[in-house]
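Novice: These are the residues of each chain, in order.
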Amino acid sequence: MPAVSKGDGMRGLAVFISDIRNCKSKEAEIKRINKELANIRSKFKGDKALDGYSKKKYVCKLLFIFLLGHDIDFGHMEAVNLLSSNKYTEKQIGYLFISVLVNSNSELIRLINNAIKNDLASRNPTFMCLALHCIANVGSREMGEAFAADIPRILVAGDSMDSVKQSAALCLLRLYKASPDLVPMGEWTARVVHLLNDQHMGVVTAAVSLITCLCKKNPDDFKTCISLAVSRLSRIVSSASTDLQDYTYYFVPAPWLSVKLLRLLQCYPPPEDAAVKGRLVECLETVLNKAQEPPKSKKVQHSNAKNAILFETISLIIHYDSEPNLLVRACNQLGQFLQHRETNLRYLALESMCTLASSEFSHEAVKTHIDTVINALKTERDVSVRQRAADLLYAMCDRSNAKQIVSEMLRYLETADYAIREEIVLKVAILAEKYAVDYSWYVDTILNLIRIAGDYVSEEVWYRVLQIVTNRDDVQGYAAKTVFEALQAPACHENMVKVGGYILGEFGNLIAGDPRSSPPVQFSLLHSKFHLCSVATRALLLSTYIKFINLFPETKATIQAVLRAGSQLRNADVELQQRAVEYLTLSSVASTDVLATVLEEMPPFPERESSILAKLKRKKGPGAGSALDDGRRDPSSNDINGGVEPTPSTVSTPSPSADLLGLRAAPPPAAPPASAGAGNLLVDVFDGPAAQPSLGPTPEEAFLSELEPPAPESPMALLADPAPAADPGPEDIGPPIPEADELLNKFVCKNNGVLFENQLLQIGVKSEFRQNLGRMYLFYGNKTSVQFQNFSPTVVHPGDLQTHILSGPAQPPASRPASPGWPSSSWGSWLTQLAVQTKRVAAQVDGGAQVQQVLNIECLRDFLTPPLLSVRFRYGGTPQALTLKLPVTINKFFQPTEMAAQDFFQRWKQLSLPQQEAQKIFKANHPMDAEVTKAKLLGFGSALLDNVDPNPENFVGAGIIQTKALQVGCLLRLEPNAQAQMYRLTLRTSKEPVSRHLCELLAQQF
Amino acid sequence: MIKFFLMVNKQGQTRLSKYYEHVDINKRTLLETEVIKSCLSRSNEQCSFIEYKDFKLIYRQYAALFIVVGVNDTENEMAIYEFIHNFVEVLDEYFSRVSELDVSFFNTVFHGTWQAHSSPYQEPIDELHKICSALEPQQACFSPDSSFKGAASTTPIY
Chain A
577 MPAVSKGDGM RGLAVFISDI RNCKSKEAEI KRINKELANI RSKFKGDKAL
627 DGYSKKKYVC KLLFIFLLGH DIDFGHMEAV NLLSSNKYTE KQIGYLFISV
677 LVNSNSELIR LINNAIKNDL ASRNPTFMCL ALHCIANVGS REMGEAFAAD
727 IPRILVAGDS MDSVKQSAAL CLLRLYKASP DLVPMGEWTA RVVHLLNDQH
777 MGVVTAAVSL ITCLCKKNPD DFKTCISLAV SRLSRIVSSA STDLQDYTYY
827 FVPAPWLSVK LLRLLQCYPP PEDAAVKGRL VECLETVLNK AQEPPKSKKV
877 QHSNAKNAIL FETISLIIHY DSEPNLLVRA CNQLGQFLQH RETNLRYLAL
927 ESMCTLASSE FSHEAVKTHI DTVINALKTE RDVSVRQRAA DLLYAMCDRS
977 NAKQIVSEML RYLETADYAI REEIVLKVAI LAEKYAVDYS WYVDTILNLI
1027 RIAGDYVSEE VWYRVLQIVT NRDDVQGYAA KTVFEALQAP ACHENMVKVG
1077 GYILGEFGNL IAGDPRSSPP VQFSLLHSKF HLCSVATRAL LLSTYIKFIN
1127 LFPETKATIQ AVLRAGSQLR NADVELQQRA VEYLTLSSVA STDVLATVLE
1177 EMPPFPERES SILAKLKRKK GPGAGSALDD GRRDPSSNDI NGGVEPTPST
1227 VSTPSPSADL LGLRAAPPPA APPASAGAGN LLVDVFDGPA AQPSLGPTPE
1277 EAFLSELEPP APESPMALLA DPAPAADPGP EDIGPPIPEA DELLNKFVCK
1327 NNGVLFENQL LQIGVKSEFR QNLGRMYLFY GNKTSVQFQN FSPTVVHPGD
1377 LQTHILSGPA QPPASRPASP GWPSSSWGSW LTQLAVQTKR VAAQVDGGAQ
1427 VQQVLNIECL RDFLTPPLLS VRFRYGGTPQ ALTLKLPVTI NKFFQPTEMA
1477 AQDFFQRWKQ LSLPQQEAQK IFKANHPMDA EVTKAKLLGF GSALLDNVDP
1527 NPENFVGAGI IQTKALQVGC LLRLEPNAQA QMYRLTLRTS KEPVSRHLCE
1577 LLAQQF
Chain B
19 MIKFFLMVNK QGQTRLSKYY EHVDINKRTL LETEVIKSCL SRSNEQCSFI
69 EYKDFKLIYR QYAALFIVVG VNDTENEMAI YEFIHNFVEV LDEYFSRVSE
119 LDVSFFNTVF HGTWQAHSSP YQEPIDELHK ICSALEPQQA CFSPDSSFKG
169 AASTTPIY
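As they're listed, the protein sequences go chains A and B.
Using this note's numbering, the letters of the first sequence map in sequence onto residues 577 to 1582.
Using this note's numbering, the letters of the second sequence map in sequence onto residues 19 to 176.
There could be a bad hint or two in this list.
[As the list claims (entries may be wrong)] Taking lysine-lysine pairs in the DSS-like style, the calculated list, with each CA pair at most 27 Å apart, reads:
1. A/792 x B/55
2. B/71 x A/1193
3. A/1499 x B/45
4. B/71 x A/753
5. B/36 x A/793
Bear in mind the hints are in silico, worked out from the structure with no lab data behind them.
Note that the structure is predicted; figures quoted are calculated from it, not measured.
Full structure from sequences and hints, please.
Specialist: As structure tokens, then:
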């Protein structure tokens, strides 16, 4: 390896570097660099041909300047010239420059590929290695295409030098990882496997890496590697500590190669051939034996390398999971490490033991270490080690030790780190449920959990305890008694109040016989917590109260008084108010029989996977979780790719007035269902799962929805209102939500994304525009588990309410076809500005489902205000309404126009009237990045014109806004001032309002 | 499998980074900042492995320089941990008492060195072994970092 820093001169470079280091300021450094760049440029351009040494020196300086963070825009040719030098150092610098500064200049790439080809064919091993390293470092697809076929040949050629084979294997590995399709499988694969037998350990190491990667795709092609790997491993393991000379690391023979061989074997099941298997088992035993031998060196490097092999051996033993003897030995070895003074070893031992615990052969052996592990949980200073200990306790838990482990984990929870509390809570909850022998222990445990770490008890945990108590009648009485006692504590966690409220509401009667927990006592105990609780809990308690009226008629008067109190009936919170009103009326209107039917005990929950387990799985796989999330966020889905081009004929034929008439002929909104009065009231109670837990679609869903806080924008829903707002008249379109403008701004420069999201609903947008036409897909996703009813999205234009046309459900949902075709759809138009054609969507959106709505848009003439999108639906009986600005702005109808500088300036001058120009100077809200700015301007819709503005920092764009009636030419110029962090934006168009509007829209983007 | 290899100093300046999986340039900066933050927050008695997002960080500190390797969860932590040391020994021999300055100002050469050992780990090259037996771990120079131009430390990192 040649050193640039020593020997071999290049004094000029050393001087330059020390000059740079001695620079006192950034300015001085830049000055020095500019001087050097000028010097190099003149040298490269000079008449005198440079010799290889000078070229190398200057290219080296350029490289150094580049690594200091300056742009280099010349010298590539000289670097490429260096590639054909016969001197190693010159060639090396050439390759270095190419690897660091490769660009997609096609002419250069051809030259580079040519040079690489020559070097690969040169039979000079160092040159071949340099070429292979360059291919691997660049690793681009183009290089792969050019050389992927040559490299396997070099790799298996009999006459290739060891170092070349090594580089070729790694280079091939790199290309395979980058683009697997480029590497052809062929007869060379069999010969690659035989590299495991190579004399040279470096070649073997490189080959193992390559085979491990390749065999994952084609395990059968590489099957022969098993016996070769075993025999290689056996030779290494049984060699004396100095046999391998260069490949001995602190008296450990080839540690990394051993680890890799063991890893390769984990790609396959245990060897079928008895002889091979015997040999392998012998190897594994030798490794385990060596761990017990006194170390050959006191150095930590020695034991680290040895332990690396040991841990990989144990992984292989666990992977095979078929040798009880080895599994138990592995476990004992790890047991020793549990008390080792090195934290790293304790961590790794706990981690490996976790996987051992799941094997039937070693589970018992792992369990013998329970005291050590519990001790680790208590005394370890490193939170990641404690976390591993908690994981291991969880893994080794079974019926025999569950009580001990759960109580230890509960004790640990009191002092546990905040970061891992929630996970421990989930684990305790799962273990308690899984290994509960008697359910009273389970109830005690969960209540303890809430008491100790109430804040970390997620909803799933206490939902689950309620499910279990509801489903098992032997524990209900005990549960009621225990929660009653727990609630007596002066300060108890809100989760405890929720559990208590629910359980007493369902099973309070089981303990009512005891005078200490008589109905009035139960009620006053719960009500004493009422005022300290959140809205959701209070809502739950109100449901408990109505259940009390049914269970204990003697409490009716007290409870009715509570419900009637002004603080309930006129509560500012809609949900609480509605419950108070409905429950009060229910209790006074309904007969005891009706009440008993309505408030019957909850039916048992269907058995299903524990929701806690699902939550723990989610927590364990953050990658998977986020991927899922991403999937949800991106509505660019399935059925969009086909047939989306709006055909001009369908979009432009119908005249606005004809549409108007057509719409007026549509059936009038259906009369509100049911009659007013008590009947209506009951219907409402039955309708809304939020109002009455026992009547939802499934008990659990109803139960969950009960706890869902109502959306903040839900309007008041009063029972007295005879017409629930199912079919809002167009005039009731509310004002846009406060964030509407901000949301709109996000879409000025892009067409796809999430327009809006709250806890109920997500609206995604995907749109495309061509000339004066556009098509937009809106995706409405129901984020809850409850069906949305009367779902009706509507597009209206704010400026023109009289003529706008509503296209939402105009008939009762039941009688409407599920997916009406285009004929039944309607046109909304604003006569003069925009025509929007919408397709109806189904009136019901199931929980978790997504519906798609297609909008065809035609821009008739220039417009300033975007249309409004109003979405209305009923969620759990509560009408919801939401008005957003539809992301259709005038710039969507931009058509980019390319023009030469001369043309641009001519037009710029033509638009010189003061009212045609709009200018804005504003501060940058985002970092000033030229690339980002470019992308935004292109997203805005204009063409970017290069070489027009004399100042290269500035951006100049041009485009034509296409509307049906007229075209508006637009020119724009954006001048960033990086120092002041300001922009000046100038727009000139042939229409005055358009200039101003575009200027305002665009200014908000930077 | 190794995902990335970083050399970062205590001030959070990246001295060398090598990624084996594509990561966007702007995401790299963020990643490197978070990685060094989590390394700096560790004390000596904590283990050298950090679970970070869906992969694991394995780090060692030499004077003011952290060497951090990001791996996926099937990688052998101990092998990587010792591999870092092996790598530093090679550097030390190459530069004769390597310091952070060598790393930062000569990372051109470094590209060459690292590439010779590149992707996943290689067994040590020949010259390494001559020194391995000669070097005592106690020789490691863990003196407080003296900064050079507010940037690279000249303290030998090993």
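Novice: State for each hint whether it applies.
Specialist: Cross-check of the supplied hints:
no.: 1; hint: A/792 x B/55; in the structure: 35 Å, violated
no.: 2; hint: B/71 x A/1193; in the structure: 15 Å, holds
no.: 3; hint: A/1499 x B/45; in the structure: 26 Å, holds
no.: 4; hint: B/71 x A/753; in the structure: 22 Å, holds
no.: 5; hint: B/36 x A/793; in the structure: 26 Å, holds
Checked against the numbered hints given earlier, the structure breaks only hint 1 and satisfies all the rest.
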